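Line order of the protein sequences matches chains A and B.
Read in order, the letters of the first sequence correspond to residues 1 to 323 in my numbering.
Read in order, the letters of the second sequence correspond to residues 1 to 369 in my numbering.
Hints listed in this document are in silico derivations from the structure and should not be mistaken for laboratory results.
This one's a predicted model, so the numbers in the text were calculated from it and none came from an experiment.
Be a bit skeptical, because a hint or two may be false.
Unchecked claim - The calculated SDA-like cross-link candidates involving lysine to any residue, where the alpha carbons are at most 20 angstroms apart (straight line), are:
id: 1; chain 1: B; residue 1: K328; chain 2: A; residue 2: N234
id: 2; chain 1: B; residue 1: K328; chain 2: A; residue 2: Q232
id: 3; chain 1: B; residue 1: K328; chain 2: A; residue 2: R119
id: 4; chain 1: A; residue 1: K313; chain 2: A; residue 2: E189
id: 5; chain 1: A; residue 1: K313; chain 2: A; residue 2: G181
id: 6; chain 1: A; residue 1: K308; chain 2: A; residue 2: N234
id: 7; chain 1: A; residue 1: K313; chain 2: B; residue 2: R140
id: 8; chain 1: A; residue 1: K251; chain 2: B; residue 2: K328
id: 9; chain 1: B; residue 1: K139; chain 2: A; residue 2: F305
To be verified - Cβ pair distances, simulated, as ranges:
id: 10; chain 1: A; residue 1: G198; chain 2: B; residue 2: V164; range: 55 to 61 angstroms
id: 11; chain 1: A; residue 1: L3; chain 2: B; residue 2: L228; range: 55 to 61 angstroms
id: 12; chain 1: B; residue 1: P195; chain 2: A; residue 2: F305; range: 35 to 41 angstroms
id: 13; chain 1: A; residue 1: S200; chain 2: B; residue 2: G246; range: 41 to 47 angstroms
Even for Gly, the Cβ is constructed at its ideal location relative to N, Cα and C.
The residues making up each chain are set out below.
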Amino acid sequence: MDLFNAFIVVFASGIRLGTPLILACLAGLWSERSGVVDIGLEGKMLVGAFGSAAVATFTGSVWLGLLAGVAATIAVSLVHGYASIDQRANQIVSGTAINMVAAGLTALIGNAIWSQGGRTPELPASAQFQAIELPFVDAIAPVPILGPIYQHLISGHDLVTYAAFLLVPLTYWALYSTRFGLRLRAVGENPAAVDTAGISVRGLRYGAVVICGVLVGLSGVYLVLSQAAYFQPNMSAGKGFIALAALVFAKWRPWPALATCLLFGFLDAVAIRLQGVELPVIGPVPVQAIEALPYVLTVVLLAGFIGKAIPPKASGIPYVKER
Amino acid sequence: MSSPLRPLPQWADVALIPLVNVGAAFIISGLVVLAIGENPLDAVQILITGALGDLEGIGFTLYYATSFIFTGLAVAICFHAGLFNIGVEGQAYVAGLGAALAALNLGFLPGYSLAAAAIIGAALFGAAFAFIPGYLQAKRDSHIVITTIMFNYIASALMGYLLVDVLRVPGQMNAETPEFSAYAIVPHFYELLAPLGVHWPVTPFNLSFLLALAAAFAVWLVIWRTRLGYSIRTVGANATAAIYGGISPARVTIVTTLLSGALAGGMAVNVILGEEHRLILEYTAGFGFVGIAVALMGRAHPVGIILAAILFGMLYQGGAELAFEKPKISRDMIVVIQGLVVLFAGALEHMFRRPVATLLARRTTSPPI
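Given these sequences and hints, build the entire structure.
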């Protein structure tokens, strides 16, 4: 029973750590499925986090914080869109630039305003998203096995977490069951065909870039308004790149993306849990090995040893209309 | 649709457009400084005085520049083969391990041959760490950008483990190796110049700078004067054409990434062997990423890279002074400038091409009076 409870705790923490990954991974999925490679997720997450922290600090409103975080991230996304779509830039270079500017600018402005080395003041509880108790928690809680699962894994998360989990089926539906989704996937595989059909490649890609901004912005907002209650420089700590790894690992598909992000979140939770724990035979757990596992797994997958990860055919290639 | 662009005169292509791009990055940076309530011109003055005002400033500037020349060359040589090596950070970090292992374990080597062995160790470990992404790109078609990003984190985890749990001196608080012996280090300039009666202030500026210049010359030689360089440039320009020319893109990809990793190892020579004299946690401090900005700004040419590296050395040294005098402009400003340089000199490099071309065309076609 103790082991079971420990698992519940680690799983619940895995969900919390996985949520920003899910949002960022879906963001990358939208962008890359339309043919715009986005390695700037990390930087955009920071922009979303900083925007929400700054505005929530000034206004005391969690909703204005959310809006500001998402709006700021869309703006940065559009810069990447302009470079990638209109300027036909190297999308890797553009993403790298966004990561650098975002990391520098958020810390710089934060430091200039609050003079705490880039950290923003701690938000009051009223300016954070609170955990939501689902109905009948008290009634179901005493039930063995199911009770703790319902109480700790299903209930008790905040709005952004539930939104992230809902966005997975929504993305699946939008990509595979709507006209927009069909066109968007087509534009990532064969933009010339879409263009020939009289549909704007540029319009679709800008649409995808904006959706990407909203989603990755939410992941940044989550870091501040649901988790830390303040912004600090580089608080995304590589989550944007883990999300990118998850996207590759999930082979650019929504449901596997959810599973991968939860797996990576769970690994993270296990690493935290096992810090300093002595195991029989192995001795102290090399926590770094668990931390590196998402990256190692992704490289192994990319190498083609467990299935083959094939990106959308036109991803990373600017579309040139005139030939 | 828009009319095709007339080719620009060569001087505009080589000098004017890059200057306009970098200028745009600095103008936006100035606006950022203005927005946080400081005077950009004052900031520039403090920065330049801090970087070049005295010999001490110059020493630090050139010390930073040495690292940037190495990381910039590492990124640039891959550019020529059409590869984007984002993993210079991780390669330089692991190269530090090579330098440290050689310096600590090959003590039987006579005199300064130990330092030479440590330098080779750095290059070998850097190259070995770059080999895996290069091999996977060449043989298994795994995108090198993604694999090198992953390898940066793998490097960080691996080195964290080794420094904290394996290499650390027992009982020591800091995660670092013991100090190297005096023959395993690259000497400082101030130490070398003192016996000659030249007084140079105590700065980390060390002999690695000359190694960096030599590496830049070697890269120029390889890229533009050898058969290998020709293959690298051909694969970068058109891999399919390279195959018809009898060049194996897979082989070129692997060789280029090996060279790139070895060049990244130069940073370990400068910082670990030249200044710290022991391996420390996270010593690369993002300098591998600065290499991307340096390579783009220097247009992947060794001369451009040296100039860009010195400019970034000035930014890092002057930026430290600036943060000291004007706390509002923290060192993060340098990261912003670096990002803007990558944005304008890299991603948006063609944005000003049309306006400049129009301007030049108007000037040259205006009727003589």
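Results of checking the hints against the structure:
1. The straight-line distance between the Cα atoms of K328(B) and N234(A) is roughly 18 angstroms, inside the 20 angstroms bound, and the hint therefore holds.
2. For the given pair, K328(B) sits about 16 angstroms from Q232(A) by alpha-carbon distance, which is consistent with the 20 angstroms threshold.
3. Taken as a hint, the K328(B) and R119(A) pair is honoured in the structure, with Cα atoms around 13 angstroms apart against an allowance of 20 angstroms.
4. With a C-alpha separation of about 5 angstroms, the suggested pairing of K313(A) with E189(A) holds against the 20 angstroms cut-off.
5. With a C-alpha separation of about 16 angstroms, the suggested pairing of K313(A) with G181(A) holds against the 20 angstroms cut-off.
6. At most 20 angstroms may separate the alpha-carbon atoms for a hinted pair to count; K308(A) and N234(A) exceed this at roughly 32 angstroms.
7. A threshold of 20 angstroms between alpha carbons decides the hint, and for K313(A) with R140(B) the separation of about 17 angstroms falls inside it, so the pair holds.
8. A distance of roughly 44 angstroms separates the Cα atoms of K251(A) and K328(B); the hinted pair therefore is violated under the 20 angstroms criterion.
9. The hinted pair formed by K139(B) and F305(A) meets the criterion: a straight-line CA distance of about 13 angstroms does not exceed 20 angstroms.
10. The given range of 55 to 61 angstroms is respected by G198(A) and V164(B), whose C-beta atoms sit roughly 60 angstroms from each other.
11. Under the hint 55 to 61 angstroms, the C-beta atoms of L3(A) and L228(B), about 59 angstroms apart, fit the expected range.
12. For P195(B) and F305(A), the hinted distance range of 35 to 41 angstroms is not satisfied, since their beta carbons lie about 58 angstroms from each other.
13. The beta-carbon spacing between S200(A) and G246(B), approximately 43 angstroms, falls within the hinted interval of 41 to 47 angstroms.
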